[in-house]
Structures are given as C-alpha cells and as structure tokens.
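Given the coordinates of chain V, work out where chains G, Z, B, D and P should sit on it, guided by the hints.
There are 6 protein chains.
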Amino acid sequence: MSLNELGIVRRTVERADAAAVAKLSQFGVATVHEAMGRVGLARPYLRPIYAGARLCGTAVTVLLQPGDNWMLHVAAEQLQDGDVVVAACTSDCDDGFFGELLATSFRARGARGLVIDGGVRDVRELTEMDFPVFSRAVNAKGTIKATLGSVNVPVVCAGAYVRPGDVVVADDDGVVFVPAATAQQVADASAKREANEAEKRAKLASGVLGLDMYGMREPLERAGLRYVD
Amino acid sequence: MSLNELGIVRRTVERADAAAVAKLSQFGVATVHEAMGRVGLARPYLRPIYAGARLCGTAVTVLLQPGDNWMLHVAAEQLQDGDVVVAACTSDCDDGFFGELLATSFRARGARGLVIDGGVRDVRELTEMDFPVFSRAVNAKGTIKATLGSVNVPVVCAGAYVRPGDVVVADDDGVVFVPAATAQQVADASAKREANEAEKRAKLASGVLGLDMYGMREPLERAGLRYVD
Amino acid sequence: MSLNELGIVRRTVERADAAAVAKLSQFGVATVHEAMGRVGLARPYLRPIYAGARLCGTAVTVLLQPGDNWMLHVAAEQLQDGDVVVAACTSDCDDGFFGELLATSFRARGARGLVIDGGVRDVRELTEMDFPVFSRAVNAKGTIKATLGSVNVPVVCAGAYVRPGDVVVADDDGVVFVPAATAQQVADASAKREANEAEKRAKLASGVLGLDMYGMREPLERAGLRYVD
Amino acid sequence: MSLNELGIVRRTVERADAAAVAKLSQFGVATVHEAMGRVGLARPYLRPIYAGARLCGTAVTVLLQPGDNWMLHVAAEQLQDGDVVVAACTSDCDDGFFGELLATSFRARGARGLVIDGGVRDVRELTEMDFPVFSRAVNAKGTIKATLGSVNVPVVCAGAYVRPGDVVVADDDGVVFVPAATAQQVADASAKREANEAEKRAKLASGVLGLDMYGMREPLERAGLRYVD
Amino acid sequence: MSLNELGIVRRTVERADAAAVAKLSQFGVATVHEAMGRVGLARPYLRPIYAGARLCGTAVTVLLQPGDNWMLHVAAEQLQDGDVVVAACTSDCDDGFFGELLATSFRARGARGLVIDGGVRDVRELTEMDFPVFSRAVNAKGTIKATLGSVNVPVVCAGAYVRPGDVVVADDDGVVFVPAATAQQVADASAKREANEAEKRAKLASGVLGLDMYGMREPLERAGLRYVD
Amino acid sequence: MSLNELGIVRRTVERADAAAVAKLSQFGVATVHEAMGRVGLARPYLRPIYAGARLCGTAVTVLLQPGDNWMLHVAAEQLQDGDVVVAACTSDCDDGFFGELLATSFRARGARGLVIDGGVRDVRELTEMDFPVFSRAVNAKGTIKATLGSVNVPVVCAGAYVRPGDVVVADDDGVVFVPAATAQQVADASAKREANEAEKRAKLASGVLGLDMYGMREPLERAGLRYVD
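Residue numbers (our numbering), protein chains in the order written: chain V, -6 to 222; chain G, -6 to 222; chain Z, -6 to 222; chain B, -6 to 222; chain D, -6 to 222; chain P, -6 to 222.
Chain V with its partners taken away, still in its complex shape:
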C-alpha cells in the first residue's frame, strides 16, 4: 500500500472492541472529543441530513474519486454488523454519491450509517428509513462507476485522519473518530467527564457562576481584566 494507495481493498480489519464501541455510543460527540483531549473531530461542514441523526460504529473506510461512487459498491461487501461507512474523496466534490438504494444495501449488510466528505441524495427516503448520514452536501447529481479508489485504507475525511476499524461517533454536533487502540480509554474518560458534568449543571442552574465554580477570578485578575462602571 505504498506508492499508489488507489486500487486496493483490504479485507481484514481490526475493529475496535465491541464493548468499547457500545460504551462510546452512550455519549455525545462533544463529550467524546473532549475526552480524547480535543482531537479527532471532522471539520464542522459535515452535517446530518436530518435533525436528530446519530450513529456509533466501526469504520469501513472508502476513498472515492470525484463524481464516481464505484467504491461504495465495493465497500458493501466488506461490511460487518455494526460498521459505519466513512467515505473520503481525492478532491472536493459535492456530487450525490449515495442514495436510498445503496442505503438499503448497506443496511442489509449490517451498516449503521454513513459519513461522507461528499454529497448524497434521496434525503426524504433516507429520513424515512432513519438511516443516519453525515455529509458535506445534498445533491441530486448522479455519479459514474469508472475509476478505482480504495476500501479500508487510512483516509482523510473532512480534515480528520481515519483508519479502518476506528470508532465513528456522530450526532447533531458533528463527527468524531476514535482510534481503535484507545477506544476503551476514551469511553472511560467520556463516562467520567459526563458524571462530572451533572454536578456542574446543578450548581450553574442554581445561579452559581462559572467564575467561582472554576476559580477563574484570580487568573482573570492576573491577566489584567479591569472592571469599569
């Protein structure tokens, strides 16, 4: 997979531990991203095609060519139960690479959804199917099947580096990728973080200020903040 990363399908993927994936699925993207140390996020232009879309699973990665969705068909065969297709493209392209027929196929093969740095179509049908999709565009423009990309190679999707088998978590706040190797660690850190937040929420709801709860007054004064009337 060295000089030319195109034209390859990797069949053996080490997927993240199922228990870790299950645990991660309980948390929102913002929580997971914070628990990872503020890394791993896709750029925010990836948006859900319907409000409330949400997914968590292991990545089957796809590298597409502009205007060509051939590799999505190739990817379908590599899907296992609990996978999420993560599609990148060799150049920015808003064409509609994906629609309800492919979604039907992906779901039949076990997929939980799609994250694509490209366009999709059949939004109404995908919404009715409750098939979660996060994309850069909605576009009825069809694609061809003529050029090789790859399946299950590392890709850059919306600015984030993703390896096959990594965990994908996506919700209204965006998309985050968790390396398979640290999935359990991030799941644990997410749980801890969330527990922590309940207490903070209660305090803030009662009118306590973050200035006091987080001990910010002294550093703000040291930084030179001046109050005037």
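No lab work stands behind these hints: they were computed from the structure.
None of the values given here were measured: they were computed from a predicted structure.
Hints should not be assumed to be uniformly reliable.
Stated by the list, open to error - Covered by chain D, per the in silico footprint, the following chain Z stretches (three or more residues, Cβ under 8 Å): (1) 71 to 78; (2) 148 to 155.
What the hints assert, rightly or not - Partial list, derived from the structure: chain D residues whose beta carbon lies under 7 Å from chain G: (3) G60; (4) K134; (5) G135.
We treat Cβ as the ideally placed atom computed from N, Cα and C, and that holds for glycine.
Structure of chains G, Z, B, D and P alone, referenced to chain V:
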C-alpha cells in the same frame, strides 16, 4: 430580445404539456435528473426553506437586479395556474427579495411555488402557508423597486439554463429543470426508471450485492482492483 | 476604552426601555429591520440552531478571542433578567464556544438566549432546553480559557455594530439590532408597518396585483419596460 | 441534441464575424459588458492565472464531467485559428483539467486561450508560454479520461450562457461572452462608449465632479439626500 | 442620524492629526495593528488589486446599496487632500462599484486610494495609475445610481467599525483602521515596536532561538510540554 | 502519543533520503503528484504568497491551536538544514501565525520555507527575503502564545496526511507531500514521466492531436460519442 435582454416582459409562453407536468410531479428530482441523462440540475446551494418542501410546475422566469425585486411584482401578472416562478439575478445577491405578501399574491394568481437564486424572508409565515420556496439564502434584508430586469426570458438560475414554460421539479434533493419539448419523454423515462428501482431495492434489501446485481466484479478486476488481507 | 479595547468589563449598562423591548418582541426581524429604514441587520450567515428559535432582549456584548470562551463566563455575572448575550470574535472562528452548561448558567442569571458570531455545540440539549441560539456554525470543537477579550464594549457581530443595552431581535429570518435610543420609535414604526400589512395581504389574497396596489405601472413604463408577445 | 446533451460533438459552428471579433479585441471586458447593456458576464470567480492575461476570440465550447478532461482532447480537433476554448462542467470541480501539454496542442491548432469553470495546472509554464487562461482554481490534481461530455453545444460557464461561435473577451476584470449575432453591434457600441469616456476622463481629471457632469444633484435632492454639518 | 442612517452626507469631519497620519504612513499594517493592541483590522478578504499597493490617509466613509454606486459620486465632493475613501455596503455585493473614471475624479479631489467592501473593475488602468485599491472582489459588472446611502457616517467595513476622519493604513497584509483620537498614540507605539524589532531580527538571524529570546522554555514546561525521542 | 496527541515534541525524525529530496526538487508539483499515482496533494486553497515561490525539503510538522503560534517557536529548535515547516491547525483559522521575524529565525536554523494551513503576514518582507510560504490566507492579525500543540507528530495539513520527515514539494501549482519511504521511487517515476513529456510536447506542438497520440478515437467511439454537423 437581442442586444439587451433587460426591460422585457414576454406575455406569450408555450408551457410544457399539462399531462407531462402531472406525470413528472410524481417523481423525485434525482429520478428526473437521471432520466434526463444527468443534466438540467441547479447547483446544490439552492435549498428548501423548510424540510419536505416540494413543487412541480411550469416556469415563469424572472431576471432580477441585485437588491431589487421590482420584477417579481411584474411577474405576478403573468402567472397562470400551475406555474412556478423561477428567479435569477444579474449578480450574486443574498438579499431577501421575497416574503409572505408576494407569496400571497403569487398563490392567488395560481403559482405553486418559487425557485430563486437569491434570498427570501418570512420563513415562518411561508412554512405555515406551505408555500414551497427553494433559495440560496434566508435573509431579512429588504429590497428596492428601481431597476428593470425581465420576465419570461431565458435565464441562468443557479447554473442551470431555464426557458419560460420549462418544467421545474424541486424537492429535498434540489431543483431540476426539464425542457418543455422533452417533458413527456422525461416523464416516461422517469416512470421506467422508478419501476426498475423497486426490483433492485428488494434484491439489495435481501443482501444481494450491487457488485453482483450490476455485474461489476469483472470490470473492477479489469481495472486492476486488488484485494489484500 | 480607547487604545486597547481588550481586557475590559463594563458593569453599568443603560439598557433599552423595557416597554419598548416588550413591544418589539411582538414583531419579526424583517418587520423591525424595515421599520428601522433597512439597517441594523446581522449578515445572513447567522442561523438559528433549531427551526422556530426566537428571542428578543437587551444586549450584553462580549468580544471573544478565537478558540477561547473565557469571556462568556465573565459575561454571565453581568446578566440581568431579559438580557441576550451578543458575542463577537476578533477573527473568524467556528469553534464551539458555547454549550448546554453555559446555557444553564446564562438562563439561571436571566438570559433569554445567545447570538454568537462563532460556533456552538450541544445542539440537541439546547433544543430540548428551548434555549434560542443564533450562530455561524455548529461545532463540537472545544475552546480554552486563556486570553482576555471584553464584556459590554461596542462590538461588530456578523457585520452589525452593537452597543451594550441595544435591543436584539432574532427569529428564523435572522438577527437585527435596534439602538437603545430609538427602541420605542422603532417599536411604534413596526406596529404601524404590521397593521398596514394586514390590509395589503387581504387585497393580494383576493387577486389584486402589486402592480396596481402599489401604483407601479406608470413608473415601470417610464423606466422603459416593454411587453412583447 | 434534446433529451441528453452529453456525448455529442458538433463540427459545424457559425463563428462570429471576424471583423467584429477584431474590433471587440480592442476593448476591455468592462466596456464590452456595458455596451451589451450589462449582461453576458461570467461570475467574478473566474480569474486570470497571471496578471495581464487577455484574450478575444470565438468560442469552441466544451462540457466536461467532474475530474475528467477527455472532452478537451476531443475539442482540440474542432479548433480553428482565432478560437477560444470555453469549458463548463456538469458539477463544481476544482481539479486540474488542463496544463501545458494541452496548451501546446491547443495553440498548435490555432487557439488563443482558455476559459474554464474548473481548475488548471502548470501555471509557471503557461505563463512562460503567455497562453492566457481564466479559471476558477489552480490545482495540480490530475484528471481521468473516462466519461463523455460534449463539444460545441451551448453551455453555462460560470453562470453565463455561451453558444459555440460566440465571442469571448477576457482580461484582468473578468470574462464576457458576446452572442455571435450581435457581435458587430456590441463592437460599435463599445467603440462609442470608449470615445465617450476620454472626454469624461479629462473633465474629471480637471476636478469637475461627477455630481455636475452627470447632472446628479437634482435627482439626489429629489430622492431626499440631506447634507448636514 | 438616529432611526434611519441612510440619505445623509456629513460635510464636517474631524480628521485625524496630519502629523500622526504622516507618522503612521511609515509603518506596515501588522505593526500598527499590534501597536493598537490587536484590534482595528478589516477581515482578510479585503485584498490589494495589485501587489505592492499601499496607502495611508484619513477616512471619508461611504455606505453603499448593493449594485449601486451613486454615493461614491457624492463622496467625491467631500474629499480633501490626503483622504481615503472607505466604502461599506448594506449587504454583501461583489459588483464593480468603482473603476478608472471614478479613480481619476477621486485623485483630482485629493484622494490617496480606496478601501471597499465590494468589487471594482478597470484593474489594469488602476494599476497603471498606481491608484491603490483594496477590495473584496474584481468584477466588470456595472452598477446603477438609484438609491440613497450615506457619506461620512460611521460604517462597518469588512467587519471593522470606521468613523469618518479615522486613519486608514493598508498594504499587502490587509487594512487597519486607527481611531482619530488615538492616532498619535498608535503612531508612537508603532515606532517603538518597530525599533524593538530590529534588535530581535538581528538576534534571530544569528541563530538565537525565540524559545530563549522570549523566555518561553519555563512557561512551556509549566504548561506540560514533553520532549520525546 | 496515543490518547492525546497535543503537548509533544518529537526530537528524532527519520528524514527522507537527501539524494531523493534533491532529485525531487527538480520536478514540479503536478509531475510529482502524477508520479505518486495522483495522491498526496494538499487542497488547492493553499497558495504561494508571491508568484514563483517554490520549495522542496523534509517536513518538520507542527500542530497549532487557533490564534496561537507558540509551537512555531518550539519547532524552530527542531529544524535542520533542508527542512520545511509544515503547520496544521486544530481548527480552521486565518490568523497571521507567521511573519518575517519567524522567517528570519527559521532560515537561520536551516529551513527552506513554510507550508501552513493558516494565515501569514509581512508579505512584502517575506517576498524581499525570497522566503517561500504557502498559506490559506494573508492576514495581519497577530496570535498569542498560550496553548500547547505539538511538533513532529503526524498532521493533516489542508486535507493531506503528513509525517515528520516526509518530502514537501510546493510551487505555483500547489503543495504535494511524498512519504519518506517512497521518496526515491517517486523521484525516479517523476524523472521518467518528465522525459516522456518532452516527446509528447514536440508532437503536440507540430499539430498532432492527443486523440491520435493517445489512441482515444476508438474508446470514444465505443463510449458512444457522436459527431454531428
């Protein structure tokens, strides 16, 4: 209508055949676009102002000047039952050219909706009226009535060429324009395509792969696709 | 507050008259913007994070640094019942400056919502809280607390100039800022404008053309509009 | 050329009159656009790849598919002395469709330059060749040769409608397309306009105000302009 | 100038002190911006129309309407020697509001250049005149003269707040606005900053590290930076 | 370097072979990208700050935080003769992270230039120094030194994955990253490709068509291309 296309209102428009329009209204934008041979789409930045908006009708075209909606008022008089107003602008402008008063007038004159390469406002009211609008922006910014554009001249709307009388189909997936002359042909091709899809859907849902259903394995191999473990 | 506007918190703010704010809260953004003479609007890239979000209140302004939300915590202490936080940033930044914990705190201190020329996160939670937010992006990306900005200084938010105490009105159509000094005047003009519109709406709904209702035929002819067949 | 405009090469093109093209080549894009009545311009995102690039000739049009430059090779054969290749694409694509090898071929066949609603590469070599190119992007990304578009069909290029044989004028200010049928008329109007400007320039240079030269004071007053101190 | 800021020309402007302007003209935009405490910059989308363009002067402000350059003609009369026209627009518009005829007029009236949150044309002629222009776009698209804006009212230009009489400094790095009231202070701080930099430059050129010169090693360690092999 | 990739400086980097780098420096970005099999390119929004800028060297990578250039100072110490600094950012940020003082320091430590997915300033001075910089923006806006990023960790820069020690080639056509492991292979393939092109260029210059030279007529016919008159 040669040297200067501005300042003209064409009153006589040959609208697409009503039966063809009625048939086209049964299909989604992606289907119609495919049935036309993958042409005729507006660029995907035109979006519905509310989820589920959908329209199909014959185009009354409008050429606007930036920040000026005078010609929309002129267009109202040219509307017939079943028309859709298709508005282009001589330069990119996100101003709010259209709101609920104009929608009230357009509907009273028979219009089924609006496609505009510009901004609109009164989104809440338009949603309550269920008046479908596809626009490049939502913007409260008002416009003036000072400069002539044209009505019922050919226009370029969001990158697509539209003639008065052409069929406009728009839904969550975008906007497609079908030449009046080929409306029936495209409607028939759309029907055929849709019939075709039901069968494919069933196969894919049962787990059959597109690789097999579409006979892709051999061309993929010929193109050099390699499977590795 | 001259040479360097950073590092300052103004505690005393002359807020717009409460009665004027209450009156303005009855009108939409498009109406208020027209009543002001077509000024005061934020650029249309500020969008509600959920359909139907709506707010009206007095501005507590915040000047943020990119990737840093420290000043939002400082602003919480300056909030009074009926305020809206209006946050600008010293450079374009889509990071998620704000989420549900800050919303909980802001609400506890009396805030009615947030307008931010930056990103926010926790969209699902904010929607459940019905806490109205108008932002330039949704982004799970977290921020730090390291650099001073200011609170309650005049700011430019999405291209609009806002002073602390000005009235903020926001709905599906965008965001408009009304100077405190003219709030009552604008509220009165808005009421007048709205009254006016009911009558127009009825006429247009009955099929009367804007061409006739607004007396446009003569100026159009003078401008040289030609009708052809 | 009805239902499906793809897959066609038209060999017979009625090119604009050579004398009209020669006359138009003396004027700048802004002048020609004004002489046409302010229509015919491409959107301003088309930019010259080097300062001072300039061209005028008759359009050989090309409709490309995203990431595919096959049709540019097909177009080479249709070129005649004095032609300009005008390339549109079925969807927005910044790939590098064109470089110095194609420029060498185009020039050998008589082309004066390229206008492309897509990306190009080999900017240094093209600059050294003084081969004028106006494009939406510079991009080293290569393209494939797999899908049919068309040559010498009407296209929409950067928002402007162009027919084969129309005149293309491009310079630092952008790109304008003049219909073949009105080329002489527009050339004459351009000449008149330019003659007119020399006199105005001299007056303005001497300190005369446009307010007086164009007689604006009275209409400004009528519009309500107020001078305050 | 309260409810409706449109339709006003202020003839009396308190311009920044000439000596302060002269001193500021010696410094680059980055230096002045730093000397102001990192405020006052226009957004970076304002770019010079030719490399090396540079200006410094006192602002005559203009508020334009989209597609309408009437107020630039009105502004010409208000110009004094050493002024720079600073034009904002009530909505985003890339039309070509300005060209060489207006530049000829502005120069004859004493203007040193133009900063415009809009488009301009005649780039070749403006470059030959060495008339510095900083704009958001180059566009041959012409404008009309139909709607009132204002001259010498405070405006927001490319995200920065500017009052008539403020100092404008622009070069290859962008555009900065210095309040008239603090012009001398900022000029002095700029001089101090620049003197300071010569020494730093020499040290860095000799191979001294910023880590040592700025004493960063200790704070980096405190922040937790880890060196690994 | 697992859970949290921030806060790390790797001192030991295996740089690409010097001979391979020297060979690669003879080729343009388009050639290298093709020789790699059309992968490895940064997105085309990275542009040289002056025409003709060009660099080739080994990557010292930097991960920045928005609005914070602390890590560029840390990176200076890790530079070796022949290196190029490749800076990514945890979110999109156009601030001016880099200017002539840092360039002076980088050059003194052996750097050949900078590729940055962010903004830079001091364009005039950098041009005079002939210090090649490829950036997403030019911006006078300064940055702070408060938050840890990393140095010499793998980064995603403008959509491309880069490891410390990889080869960076940049010119007017963009930026390409060659993995250290395949640098020699890609250099050889580039040489072969370039040799190949000289012959093609001569043929095309003599009027031979690509249609014939590349043997395209038969596949075009098979694809269904129709010639009409």
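**OP:** Please name the hints from earlier in the document that this structure breaks, with their numbers sorted from lowest to highest.
**Re:** 1, 5
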